[in-house]
Amino acid sequence: MRALLFISVWIGLLGSAQAFELVSRQEMHASLAAPEPLRAKAGLTPGAPVIEVVAPKLNAPISSPSTIELLFLSAAPSAVRPDTFKAQYGRLRIDITERLLNNTKVTAQGITVKEASLPKGSHRLLLSIEDSEGRQGQKTIEFEVN
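Using my numbering, read the sequence shown as starting at 65 and increasing by one per residue.
Wrong hints could be hidden among the right ones.
For each label pair, taking beta carbons as the anchor points, the in silico distance ranges come out as [what the hints assert, rightly or not]:
1) Arg-155 to Ser-181: 17 to 25 Å
2) Pro-141 to His-93: 39 to 47 Å
3) Thr-148 to Gly-185: 27 to 35 Å
4) Ala-143 to Val-117: 28 to 36 Å
5) Leu-190 to Asn-167: 17 to 25 Å
6) Glu-85 to Ala-140: 33 to 41 Å
7) Ala-98 to Leu-122: 21 to 29 Å
8) Lys-169 to Thr-109: 34 to 42 Å
9) Asn-167 to Arg-188: 28 to 36 Å
10) Asp-159 to Gly-198: 35 to 43 Å
11) Gln-90 to Glu-197: 33 to 41 Å
12) Ala-140 to Asn-166: 15 to 23 Å
13) Lys-121 to Ser-181: 35 to 43 Å
14) Gln-82 to Ala-140: 21 to 29 Å
Here are the simulated PhoX-like cross-link-like pairs (lysine-lysine), alpha carbons at most 25 Å apart as the crow flies [what the hints assert, rightly or not]:
15) Lys-169 to Lys-150
16) Lys-184 to Lys-203
17) Lys-203 to Lys-169
18) Lys-121 to Lys-203
19) Lys-121 to Lys-150
20) Lys-150 to Lys-203
21) Lys-184 to Lys-121
22) Lys-121 to Lys-169
23) Lys-150 to Lys-184
I should point out that these hints are in silico values taken from the structure, not numbers from a laboratory. Quick caveat, the model's predicted, so the values are computed rather than measured. Backbone N, C-alpha and C define an ideal beta-carbon position, used for all residues, glycine too.
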């Protein structure tokens, strides 16, 4: 049984958060020009953590800056290990984990990033997290910024 833990967030909070550049225009163009990376054919690991995207809604182009909210779900009795969170950008798989960690904190429940600035265009993030039993969950999200 999966334990559902939720972090609430207000998208478009009024206030003090300043936008930060999550990905530069140069990184976006270099990644889009790169060949598709090879992907392992291995399937999902049973019981691995699940990463759900709460915000932004990815069914339409999003604006920038934007709030990114992820929810981590683990299979009992294991727990998500926040220190294993990784975020990679685009086809080049540029490690942007530190950029996120400099602007927010990862918890066992998830992560909320406010005011992440991305250039207009197509984007892909590869996200991963491990649980206390060493199982890794991954999620690839693709979206358009208008």
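To see whether the hints hold, each was checked on the structure:
no.: 1; hint: Arg-155 to Ser-181: 17 to 25 Å; verdict: holds (20 Å)
no.: 2; hint: Pro-141 to His-93: 39 to 47 Å; verdict: holds (45 Å)
no.: 3; hint: Thr-148 to Gly-185: 27 to 35 Å; verdict: holds (29 Å)
no.: 4; hint: Ala-143 to Val-117: 28 to 36 Å; verdict: violated (21 Å)
no.: 5; hint: Leu-190 to Asn-167: 17 to 25 Å; verdict: holds (19 Å)
no.: 6; hint: Glu-85 to Ala-140: 33 to 41 Å; verdict: holds (38 Å)
no.: 7; hint: Ala-98 to Leu-122: 21 to 29 Å; verdict: holds (22 Å)
no.: 8; hint: Lys-169 to Thr-109: 34 to 42 Å; verdict: violated (26 Å)
no.: 9; hint: Asn-167 to Arg-188: 28 to 36 Å; verdict: violated (20 Å)
no.: 10; hint: Asp-159 to Gly-198: 35 to 43 Å; verdict: violated (21 Å)
no.: 11; hint: Gln-90 to Glu-197: 33 to 41 Å; verdict: holds (39 Å)
no.: 12; hint: Ala-140 to Asn-166: 15 to 23 Å; verdict: violated (32 Å)
no.: 13; hint: Lys-121 to Ser-181: 35 to 43 Å; verdict: violated (18 Å)
no.: 14; hint: Gln-82 to Ala-140: 21 to 29 Å; verdict: violated (39 Å)
no.: 15; hint: Lys-169 to Lys-150; verdict: holds (12 Å)
no.: 16; hint: Lys-184 to Lys-203; verdict: holds (22 Å)
no.: 17; hint: Lys-203 to Lys-169; verdict: holds (19 Å)
no.: 18; hint: Lys-121 to Lys-203; verdict: holds (15 Å)
no.: 19; hint: Lys-121 to Lys-150; verdict: holds (21 Å)
no.: 20; hint: Lys-150 to Lys-203; verdict: holds (11 Å)
no.: 21; hint: Lys-184 to Lys-121; verdict: holds (16 Å)
no.: 22; hint: Lys-121 to Lys-169; verdict: holds (21 Å)
no.: 23; hint: Lys-150 to Lys-184; verdict: holds (23 Å)
When each numbered hint is compared with the structure, violations occur for hints 4, 8, 9, 10, 12, 13, 14.
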